[in-house]
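Student: For the protein sequence lines, the chains are A and B, in the order given.
Going by the numbering used here, the first sequence opens with residue 1, and the numbers climb by one from there.
Going by the numbering used here, the second sequence opens with residue 419, and the numbers climb by one from there.
Rather than coming from a laboratory, the hints here were simulated on the basis of the structure.
Virtual Cβ for every residue (Gly too), placed ideally from N, Cα, C.
Check before you lean on any hint, since a few could be wrong.
One-sided and incomplete, this derived list gives chain B residues near chain A with beta-carbon spacing under 8 Å [to be verified]:
id, residue
1, C446
2, N449
3, M450
4, L560
Output of the computed footprint for chain B on chain A, the stretches with three or more beta carbons under 8 Å from beta carbons of chain B [as the list claims (entries may be wrong)]:
id, segment
5, 42–56
6, 75–83
7, 222–228
The primary structure of each chain is shown beneath.
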Amino acid sequence: MMCQNGCGPDRGGAADEAAARFSALLEDSAEDLYENAPCGYLSTMLDGRIARINATLLGWLGRSREELVGVARFADLLTVGGRIYHETHFAPLLRMQGSISGIALELVAADGSRLPVLVSAMVKTGADGAPLLIRATVFDARDRRAYEQELLRARQQADRERDQVQQLATTLQRTLLPPRLPDVPGMAVAAHYHHASPDQVGGDFYDLFPLAADRWGFFLGDVCGKGADAAAVTSLTRYTLRAAAAYDDDPVAVLTNLNTVLGQEFAGETPRFCTVIYGSLTTTHDGAAVTLAAGGHPPALLVGADGAARFIDTPGGQLVGALTHARFTTATMRLRPGDTLLLYTDGLIEARTGRDTGPGRRYDETALLDHVHALAPISAPALITALVDLLEEFGEGLDDDVALLTLGVPRDEPGTTP
Amino acid sequence: MSARVRNNVVVTGRVGAPVVMLAHGFGCDQNMWRLVAPALARDFRVVLFDHVGAGGSDLSAWDADRYSRLDAYAEDVLEICRELDLDDVVFVGHSVSAMIGVLAAIEDPARIARLVLLTPSPRYIDDGDYRGGFSPADIDELLASLESNYLGWSAQIAPMIMGNPDRPELGQELTNSFCRTDPAIARVFARTTFLSDNRADLESVRVPTLVIECVQDAIAPREVGAYVQARVPGARLVTLDATGHCPQLSAPEATTEAIASFAAVTT
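Work the whole structure out from these sequences, hints included.
Tutor: Shown next as structure tokens:
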């Protein structure tokens, strides 16, 4: 230690002695720090041949310097999986970037045991920039890897459970919808169900079923909520509507029956209710006669053979299951060749759309009417196809389930008898 | 979707010159060619691309079922050729892409008219007298370590996967990394690569073929290079004085020279 200006006699003695000891420690340390550092040090030629390795790493590997230096390559110290990773990722990245850090690999020791490590490496270049050799540090990552394994196990468990939930939801959803629509002689019918979430059973539902030789019942609705509770209501609603339809011809009576059942079933609990359009359809020689009864549901849309499109108003119909004495309203119409009737749930008219209407706007009934009007006249299956395309256009903007049901009378085609 | 976008196709080099198409292998992406592509671009039209699932490819096009067969990658290659209207292509396939090139050349030799198989292996696992260099247990170990240890395999990109809303620059830096691969995709590609067996396809190759190997390669040893040369009718073999599985990085000049002299020969 140099003693220059300002170094008084009172600073000598013990302080000098301590500094000398400290200095002696430092002088001794370079080689010792390399050899016995708390991490492994390794230098290799560009082809991976080991040129230098410290005592710490030799100790971890259970090998002598003579076994490795000039003989083995870095990749030889790795598991086979690690060797492939080294060739396909580690070496190319190191070559292209000049350095690489925090790569998780496993070393294989002389006794066959494996040591999880984190490796960082850099290429040492000469004055002219040409690569000379590779220096690597190797950290013991046993604890880290054990922790990662725990995280991984937890994640895999979560993945499996999510798969199970999705499978359950899918299976349950299937039981709540008809596997396929029945053939209705003289009519073309089609349906579509859009699932907003694979994890949850949706609350929308529809059905179409025979009541007599020329008479059919159909419905489409939306249960408040999602998930298991909603599924229970959907299931009850579906079977009640079917049973009530067989019991009574009058659509209002069918909905009244459902209202009573939902009211009784969930009395005293969280009230459960739904919106629904129930309809009966009688096929005739030139089309079909339809009666609709609606409870709190968005109006059906009639797409005419003449290119017109209009809502079938059923104003004032109340939610089903919410009130003891609910009021339902009806509408009747005739479907003639080329006419198509559309039933849908509110997911369709509440989709967020940034297109044309500005950000954050909702698709609405007017937009739906305009869209369908532009398509008119259109067959039942073609209308479903067009609306499925529309749902795809919504993309992220569609965050609710959507059920669609179309019933149409095919156009008279020359040469065919009705 | 256009194949050009799907496979992040990049075309450089001399307009109207013979076409050299460079296909990367398992691990990284088209950046693997950056030490040889500029030199080749002086005399050739150079077409670079990323396999679906790698690099800048459209990940939405990736499908586990489709891309668990090498034929799917070969179909993509031919689709790129059709879309860019490329004929008489010299296809340079590194590692697993060598076999992808073999499949494409068998399917459409008018498009893939010549093959350069860079450190190829038609089968990585030993089978009877055949020495692929790996035992079934080795490959099982690799796949098991991929299946059970994707934290280790994705160490390079884990922060990006987990998202760094508070450190966007980190995501950016990793986004530019050339070996980033979604671990789920890497597992499928590893399985497809290391469990495939294309030995029977080699003798169906009808286009001029050059095999390039290294003197020391942990993944495709020299016996395998000799095997490929012997099975592909009329194939030539060049052994580079280079180590490792990626001579386009460890010996770029020699690799460029071998590719260029083969591609320059008019047939």
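Student: Run the structure past the numbered hints and jot down the numbers of the failing ones, going up.
Tutor: 7
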